[in-house]
Amino acid sequence: MTGLLVAAVLSFAAQLALQAPGLWWFMAAARPYLVVLVASSTRFGPFGVAWFGLALGLVADLLDDAIVGPRGIAGAVAGLAVAVVVRRFELEGPLFWIGGTALATAANDLAFRVVVASLGVSPSWSWVGSLATVVATGAVALAVAAGAAVRRKLLSPEHRRRKVLKRL
Amino acid sequence: MLAVLPRPPVLLAAACLALYVASAAQVRTPRGTALGLAAATLSRPLLDGAMALGTLAHDVSLGRQDLRATLAELARLREENERLRRDNQLLAADLVLLRQGSRLLATLPPTGDGALLARVMARDVLVGHSLLLDRGSAHGVTVDAPVLGEAGVVGRVDQVSASAARVQLLTHPSAAAAARIVGVDGEALLTGGDRPTLTGLPPYTQVAAGLPVVTTGSEGIYPPDLLLGTTGEGRTEGYFTLVPVTLAARPTDVTTALVLASRRRALP
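For the protein sequence lines, the chains are A and B, in the order given. Quick note: the first sequence uses the numbering used here, first residue 1, plus one each step. Quick note: the second sequence uses the numbering used here, first residue 169, plus one each step.
Note that these hints are calculated values from the structure, not bench results. Every residue, glycine too, gets a C-beta built ideally from N, C-alpha and C. Wrong hints could be hidden among the right ones.
[Unchecked claim] Computed, partial: chain B to chain A, Cβ under 7 Å:
1) Pro198
2) Ala202
3) Gln233
4) Leu235
5) Gly308
[Said to hold, decoys possible] With beta-carbon atoms standing in for the labels, derived distance ranges:
6) B/Leu185 <-> A/Leu110: 49 to 57 Å
7) A/Leu23 <-> B/Arg196: 30 to 38 Å
8) A/Ser118 <-> B/Arg175: 22 to 30 Å
9) A/Val128 <-> B/Gly222: 50 to 58 Å
10) B/Arg196 <-> A/Leu16: 25 to 33 Å
11) B/Arg175 <-> A/Gly120: 25 to 33 Å
12) B/Thr238 <-> A/Gly120: 12 to 20 Å
13) B/Leu214 <-> A/Ala117: 21 to 29 Å
14) A/Val84 <-> B/Ala208: 56 to 64 Å
15) B/Ala186 <-> A/Ala28: 47 to 55 Å
16) A/Gly120 <-> B/Ala186: 33 to 41 Å
17) A/Glu92 <-> B/Leu214: 47 to 55 Å
[As the list claims (entries may be wrong)] According to the in silico footprint, chain B covers these stretches of chain A (three or more CB under 8 Å from chain B):
18) 26–37
19) 85–99
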């Protein structure tokens, strides 16, 4: 749980960092906290993930200085969808990260649009922006998946045995 | 304690709903917050429904009051309508009588002083062979006064009270009148009954059908030359020629009659 909280904090920090003017503009559309949401689906049940997504969405709302609530609802929906799909199809590896993140981002954006539309407000981005969010967040997920693969490889018993054998 | 907690889906849905409401409260529009607009939009049908119910109740109340007044007015109008209908019937009857009396006076020959119009109040055409008039001795009607209808002689007065008079019709079995056939010599006696007949004519007198039969006045009751009826086919029985007569005045149609002054009263 602590690891997830740390990851969440880091994800929001990354989101702020990705919006820096020196970086590629496309990456400013990324929502790294959704990758953390995907990661939580292996720890919690579907409704636990939904609650976690709700909390992450609320924090995102606060950070965006926007109306507090719509992203919370969207995060809950996305978390529930991701948790259900991950369990149903037993996603693992890069597919888990990239597919889960793409699904979470799409569900999050769609739910957000529905909520704000029902409130009589239009989001400040178009469907192209939604696509950019999915792609950029997917790129972040790709990076995370690569890091996870490297970490798994480095921490695997096989790697340790090879390392020991090289020293001999 | 945990048993009373809602299930996780319900909790999550409730939290999302609360967030949605909170979001709506934050959305600013020119006409207020989205929450206010939503509340106004959602409550408008309720308010409209309540207003409609109130209006309906008010209308029903007014309608009930109006209904009572309308029913009272209806009852009053029905009574007035009934009264007017009765008046109209009376006026129509009066009008019919006046017209009949007018025609009666116009068709009959001058009858001299003492004649008066009377209404038929009752009639017994089949058994008693009589009419009851609304004029009596108080109006100058006397016994044996001739009574005429629009078409001819009806009969004579046989009973008089102060305000009414009974007329013996020519169809009465004991009725009789001196008569003659226009165009035929000789006087005869018209006797009443179901089949009024002229008797007293010489045997084998040729009488054509359809000839007028009028009074002669020799019996001292009817003035002369008043139409009694028309002849049928005559026949000879014994020493006389019998001629059936179709009476001109039909008692069933007489509603107004002209009562003449009795000739017996006028005679010394």
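Results for each hint:
1. Checking B/Pro198 against chain A: minimum C-beta separation of about 11 Å lies over 7 Å; hint violated.
2. Interface restraint check: B/Ala202 against chain A, minimum CB-CB distance 5 Å, threshold 7 Å, status holds.
3. Interface hint at B/Gln233: violated, since its Cβ lies 47 Å from the closest Cβ of chain A, which is beyond the 7 Å cut-off.
4. For B/Leu235, the suggested interface contact is broken, since its CB lies about 48 Å from the closest CB of chain A, more than 7 Å.
5. Violation of the interface hint for B/Gly308 is found here, the shortest Cβ-Cβ separation to chain A being roughly 104 Å, above the 7 Å cut-off.
6. In this structure the supplied range 49 to 57 Å is violated for B/Leu185 paired with A/Leu110, their Cβ-Cβ distance being about 19 Å.
7. Evaluation of the 30 to 38 Å hint for A/Leu23 and B/Arg196 yields a pass: the beta carbon distance comes to about 33 Å.
8. For A/Ser118 and B/Arg175, the Cβ-Cβ distance of about 25 Å falls inside the hinted range of 22 to 30 Å, so the restraint holds.
9. Checked against the given bound of 50 to 58 Å, the beta carbons of A/Val128 and B/Gly222, roughly 53 Å apart, stay inside it.
10. Between B/Arg196 and A/Leu16 the beta carbon distance is about 26 Å. The supplied range of 25 to 33 Å therefore holds.
11. For B/Arg175 paired with A/Gly120, a C-beta distance near 32 Å keeps the hint of 25 to 33 Å intact.
12. The supplied range of 12 to 20 Å is broken by B/Thr238 and A/Gly120, whose beta-carbon atoms lie about 51 Å from each other.
13. Restraint check, B/Leu214 to A/Ala117: a C-beta distance of roughly 25 Å satisfies the suggested window 21 to 29 Å.
14. Range check, A/Val84 to B/Ala208: about 37 Å between beta-carbon atoms, so the 56 to 64 Å window is missed.
15. Evaluation of the 47 to 55 Å hint for B/Ala186 and A/Ala28 yields a failure: the beta carbon distance comes to about 31 Å.
16. The hint said 33 to 41 Å for the Cβ distance between A/Gly120 and B/Ala186, and at roughly 19 Å that hint is violated.
17. The hinted range of 47 to 55 Å is satisfied by A/Glu92 and B/Leu214, whose Cβ atoms lie roughly 53 Å apart.
18. With 0 residues bearing a CB less than 8 Å from a CB of chain B, the region 26–37 of chain A misses the requirement of three and the coverage assertion fails.
19. Only residues whose beta carbon comes within less than 8 Å of a beta carbon in chain B count, and the region 85–99 of chain A has 0; fewer than three means the coverage is violated.
Comparing the model with each numbered hint stated earlier shows that hints 1, 3, 4, 5, 6, 12, 14, 15, 16, 18 and 19 do not hold.
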